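Trainee: Read off the chains here:
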Amino acid sequence: MDGREMRDYIPYQVEIVDIDRVTSDSYLISLQILDREVFRYRPGQFIMVSVFGLGECPISIASTPTRNTLQICIRRAGKITSGIMDSMIGDVLGVRGPCGNGFPLDFMKKDILIAGGGSGFATLRSLINFIADRREQFGNVAVAYGARTRQDLYFMQEYKGWQMAGIQVAVTVDVGDQGWTGNVGMVTSLLDRLEIPPGSAAICGPPVMINSVAARLMEKGFQLPDIFVSLERHMKCGVGKCEHCMIGPHHVCMEGPVFSYDRVRQYL
Amino acid sequence: MISYLKKADLPDLLQAWADKMDVLAPILEEGQISFTTWKGQPLDLSANALVSPAKIISPREEILFRYIQESGTYRFLRPDQKPRLIFGMRPCDLRALQVLDRIYGAPPPDQAYLDRRRSAVLAVLNCTNPGPGCFCAALGAGPDADEGYDLLFTDLGNGYLVESGSPAGIVLIKNSPDLLPAVSDLADSLLTDKGRVVGLCRDQVISSFPGMSVERIREGMESAEWERLGQICSYCAGCSFVCPVCHCFTIYDRGVPDGQRIRCADSCMTSGFSRLTSGSNPRPSQGDRLRNWYLDKFEYILARTGLAGCVGCGRCSQVCLSPDICLRSFLESLCSREMTTNKFADAGESKGEGKSIRK
Amino acid sequence: MQTIPTTCIYCGCGCGLMLHVEEGRVVAASPQINHPLSQGHLCLKGWLAYQFLDHPDRLRRPMIRKGERLVPSSWDQALDLARDELSTLLRESGPASLGVLTSAKASNEENFLLMKLARAGLKTNNVDHVARLCHAPTLAALSSALGSGSMTNPIVSLRKSDMILVAGSNTTEQHPLVAFHILQARKTGAEIVVVDPRRTAMARLADLHLAPLPGTDAAWINGLLRAILDLGLEDRQFIEARTEGFEEARAALDPYTPQMVEQVTNIPADDLVLAASKLGSANRAAFVYAMGITQHYWGTDNVQALANLALATGNVGRDGTGIYPLRGHQNVQGACDMGALPAYYSGYQPVSSSRSRFERAWKTDLPAEIGLTAVEMMDAAQAGRIKGMIISGENPMLSFPDQTQVRAALEELDFLLVVDIFPTETARLANVVLPAASFAEKEGTFTSTERRVQLARGAVSPPGEAWPEWRIWADLLTRFEVDCLYESAAQIMEEIASLTPSYGGISHSRLGTGGLVWPCPNHDHPGTPILHVDSFPIGRARFRPVEYKAPSEKPDEEYPFLLTTGRSLFQFHTGTMTRRVPLLEREVPEPFLDISPPDARQLGLKDGTYISVESRRGRLIARARVTPDVNPGHLFLPIHFLEGPANLLTSRYRDPISGMPALKEAAVRLRRL
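Residue numbers (our numbering), protein chains in the order written: chain G, 163 to 430; chain D, 265 to 623; chain Y, 67 to 739.
Among these hints, one or two may not hold up.
[Said to hold, decoys possible] Label pairs and their calculated CB-CB ranges:
#1 Y:D673 with G:S351: 24 to 30 Å
#2 D:V520 with Y:R738: 18 to 24 Å
#3 G:Y429 with Y:T323: 54 to 60 Å
[Stated by the list, open to error] Okay, the calculated bits of chain Y under chain D, using three or more residues with CB under 8 Å as the criterion:
#4 173-181
#5 238-245
#6 495-503
#7 659-670
It is worth saying that the hints were derived from the structure and are not from the lab. Predicted, not measured: the structure shown is a model, and the values here were computed from it. Just so it is clear, CB atoms sit at the ideal spot from N, CA and C, and this is done for glycine as well.
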């Protein structure tokens with residue numbers, strides 16, 4: 163957080179080394195840092211990614227620090243993400259970070275429920291793969307994830323690996339189609355199909371989804387301070403100075419993006 | 265260390281400084297006071313400038329770095345800062361810099377701000393002629409300064425009491441012994457004069473909004489009709505551009521493949537400030553945004569830095585493009601609520617002939 | 067660090083601006099505290115007026131077309147080519163084959179020189195500019211009604227009004243500093259009546275809002291006047307002393323009962339009568355209007371009807387009264403004043419009667435035949451009659467009606483010279499593109515909507531090799547062997563003053579804060595804020611009977627919605643400047659379509675969905691913005707967006723008197739994507 167680039171805003175340079183298609187309109191981009199030795203981060207942190215000439219925007223880190231490659235998941239949402247989508251292997255981008263606090267794994271309980279909606283799932287992938295790599299440190303782990311349609315589901319090819327690592331995985335879509343035999347409905351509808359003893363939760367998605375999942379979890383015996391939410395805000399500096407990302411008195415880029423639900427419930 | 269400068273000697277002192285660095289001072293241009301590069305022009309110290317000298321340190325637009333592409337990778341260049349001396353900054357604007365110091369100085373410290381801050385010498389002028397909308401005293405931000413300056417000038421009539429506030433200030437006094445002689449034997453009487461002059465000014469400022477304080481403002485915020493105020497707001501964002509504490513910024517690039525990454529002032533009064541690319545907006549109405557601006561100044565910045573995010577300079581109210589929703593109207597309505605025998609028309613209904621124009 | 071006083075470049079308010087310069091770059095803009103109009107305030111665009119100046123898209127070098135591409139060239143090459151091509155066309159096809167569109171964003175000096183080039187160099191009166199798309203009806207109607215086509219009072223005069231009628235003007239968004247004074251007037255007791263088909267912010271802040279069907283203005287204006295006469299509230303003394311033609315006009319008002327007006331316009335009869343009584347009983351009433359009144363097939367009639375109303379109630383010639391046509395651009399008033407008009411020289415001196423004066427001054431023959439208007443030039447270009455054009459600082463590809471026709475017209479030309487600060491859709495079709503200095507990079511005067519002539523001072527150098535536009539026209543004038551020797555814009559103003567009585571006393575040295583308000587006939591004259599105090603230029607003002615006639619295009623079964631187009635507070639016109647300012651572009655980044663909740667429900671259309679909007683001329687895609695501020699049957703589109711150009715949908719129908727296109731009368735339909 164205190165790196166040189168966080169003080170003078172000059173990014174480190176990264177090279178795109180791989181591009182994988184995640185869905186029809188999103189890519190998983192693997193990055194190699196060029197002018198820095200190590201890049202340490204925690205699941206739930208994010209980076210400020212630059213396309214020089216277009217600008218910089220915050221992107222969640224989608225990879226786990228327990229593996230070698232830094233990865234981000236990009237969807238064409240604005241000018242800068244479009245610029246990233248149009249980049250090719252070998253192109254150089256800029257990175258500042260890691261920013262934010264990440265999931266407080268030291269304080270979280272061993273039993274974890276992970277719930278994601280839409281593109282927020284990229285943040286959670288970092289946590290899920292971390293848990294898969296350190297499986298013995300955790301207890302009962304379940305993933306509940308929903309997207310609009312089957313085509314919008316992220317990382318489908320990894321669900322099997324998670325299940326094989328002893329992580330429950332349940333998936334739903336808002337709108338089914340022919341050939342979809344899975345759940346249709348909101349993420350909350352998955353919570354009854356999973357074994358979820360009261361523990362900690364990590365939720366990432368739109369506020370409506372966060373609130374309904376948290377309510378359901380509390381019915382199941384979860385405590386508010388054990389429910390962690392990763393929030394999204396318009397960001398520019400990533401260091402708590404430009405004031406775009408404030409939620410109440412809190413800077414999402416510094417005190418978050420992961421907050422315990424009791425702290426931010428009133429703002430959602 | 266203290267000294268005394270005869271008024272007639274001020275231009276010579278400025279010249280001695282101008283020989284070594286860029287001196288910025290309040291100069292009358294087109295009937296309006298602006299902090300511009302001093303090249304011998306007569307100064308106008310009769311009122312505070314509409315554009316705060318804090319904007320010299322924290323400008324509305326600056327280049328963060330240049331990027332130059334060379335065979336696929338980039339080289340980056342940061343601009344240098346040249347030394348400056350700002351003469352005539354008032355305690356309210358100095359206080360604004362102190363707030364910004366705590367915000368920009370918090371880890372990770374903001375290099376661009378610090379470079380500009382550290383390369384500027386501040387020769388602050390205690391206020392003796394506040395504007396009608398000023399309320400610095402209510403916030404502890406004026407009308408006099410007690411720390412944070414390199415030099416502090418107080419107008420005692422025929423000359424200025426000059427006090428150092430830092431090692432750089434001591435050096436400046438020592439470097440001009442003829443203009444700034446040692447006056448330790450007169451110290452007591454000069455300081456007494458200063459106390460009198462400053463006290464008069466403080467009384468004047470307090471009388472505009474008697475009993476005003478951060479607590480009263482926060483109480484008023486609880487019952488303010490934000491949605492109604494938001495409907496009247498003209499979206500000019502002038503308040504946030506002119507406020508010396510407002511520092512929200514955005515960053516944008518200019519130029520491909522070589523170019524500049526620029527930081528420019530942003531405003532939380534615009535809808536796009538908090539809007540996500542998905543289109544959802546945590547502060548969807550102008551009332552929400554107005555309320556957030558007040559909260560930031562009187563709660564969040566106070567909690568974060570220990571200092572209020574408002575210095576009572578009155579500029580926001582001067583430029584407000586809508587009738588009766590400015591901070592000054594808000595303060596007036598708070599004051600009028602207290603006056604049970606208020607003979608004047610309801611503050612906020614009619615204020616007479618428009619806004620104050622600093623003469 | 068320096069502070070340079072100047073004037074804002076955007077709307078016709080002409081606010082006072084200070085530009086702050088650090089190391090050769092403008093780093094901020096702030097208000098002029100002592101400016102008589104803006105008084106220390108600015109709108110968001112004004113606060114950010116400097117931010118497009120050093121955008122990398124700025125045109126920096128002259129360019130010449132080679133095949134499909136425009137390639138950089140030198141000034142000499144480019145100017146020689148322009149001179150050669152234009153003189154060839156002049157020689158082979160005659161002056162009628164040439165046309166000139168001046169810039170409503172260029173200075174008075176630049177407009178004057180380009181007008182001079184057209185007439186003295188190219189020998190054509192085919193010179194016009196975008197006033198044709200905004201206040202041509204005002205010029206026509208108020209010239210004939212009052213003898214002068216301009217705003218009659220300064221904007222601050224509204225502070226003294228008891229009642230202000232705001233018609234077809236989204237004032238808080240288009241002219242924020244006019245709205246400022248209107249709302250200040252309201253604080254001190256003025257009653258505000260807004261007439262607008264949409265519930266704009268101004269309408270919400272008003273005391274009374276009347277929402278007529280778009281295009282029915284002559285009916286409600288006549289209805290107001292008739293109601294005032296029925297109430298006996300007209301100003302008999304004023305009518306008898308200062309006007310003529312009242313009886314004939316009065317007789318034509320018979321059909322316009324409140325009930326008839328309600329049937330035609332949808333304005334409830336009671337509301338109309340209420341508005342009439344407010345207006346009639348006011349001591350000082352003011353009439354503020356903009357595109358909602360003018361951009362119609364019968365736009366001139368609409369303005370005349372308003373003039374009738376103002377005259378009958380004696381509301382001309384005193385402080386607090388008056389007629390306020392709000393001009394959109396800084397400097398469209400100046401472009402008109404400088405004679406960038408097919409039938410007038412500077413100062414509205416008619417070509418028909420003042421030709422010899424200008425021939426003597428310019429020492430050359432000048433054309434006698436009245437020229438074509440801007441939209442007529444497009445017709446002529448499409449038909450191959452006009453073969454060569456100069457277009458300066460305008461973007462007809464976006465701003466003119468019927469974009470398909472405009473493209474065909476410009477592509478048909480043999481030669482097109484474009485001068486601009488940014489590459490536009492129009493510049494891309496040019497043979498020669500010349501880079502110009504912006505308002506902050508040159509000296510020149512600009513005349514705001516209240517006839518205020520102000521001096522803009524250069525704060526920084528123009529980028530690359532860009533020239534102030536006046537240098538370009540001076541150079542071409544020399545290449546066309548017209549006598550001219552200007553070393554500064556100030557010298558051009560000397561010539562203007564010598565030939566233009568209303569500007570006779572204007573010189574750069576006299577223009578301090580707030581400039582001077584014309585008429586300013588000589589060097590001791592302080593300027594004339596209020597017009598028509600004792601008499602009208604034509605002696606007595608003239609009533610003219612106005613009949614309400616149907617608009618050019620009405621909704622029908624195939625195209626069941628009526629579309630009006632207009633502006634947003636955050637963007638300016640074709641967006642050339644504002645779309646390059648980060649905060650402004652972020653506020654409104656794409657075309658939106660305002661649609662009422664009942665209409666949206668019927669179409670199953672949710673807020674934020676993209677929808678296709680189609681007229682008989684073309685189609686575009688916009689994002690639906692469901693709002694109760696428009697009535698069912700009425701849709702609204704902003705004009706700023708290249709990717710959704712509203713003028714793809716508008717028609718070629720034009721006001722027969724002024725040539726104004728009926729931009730607010732398109733019938734459209736919606737199709738889901």
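Trainee: Mind listing which of the numbered hints don't hold for this structure, in increasing order?
Mentor: 2, 4, 6, 7
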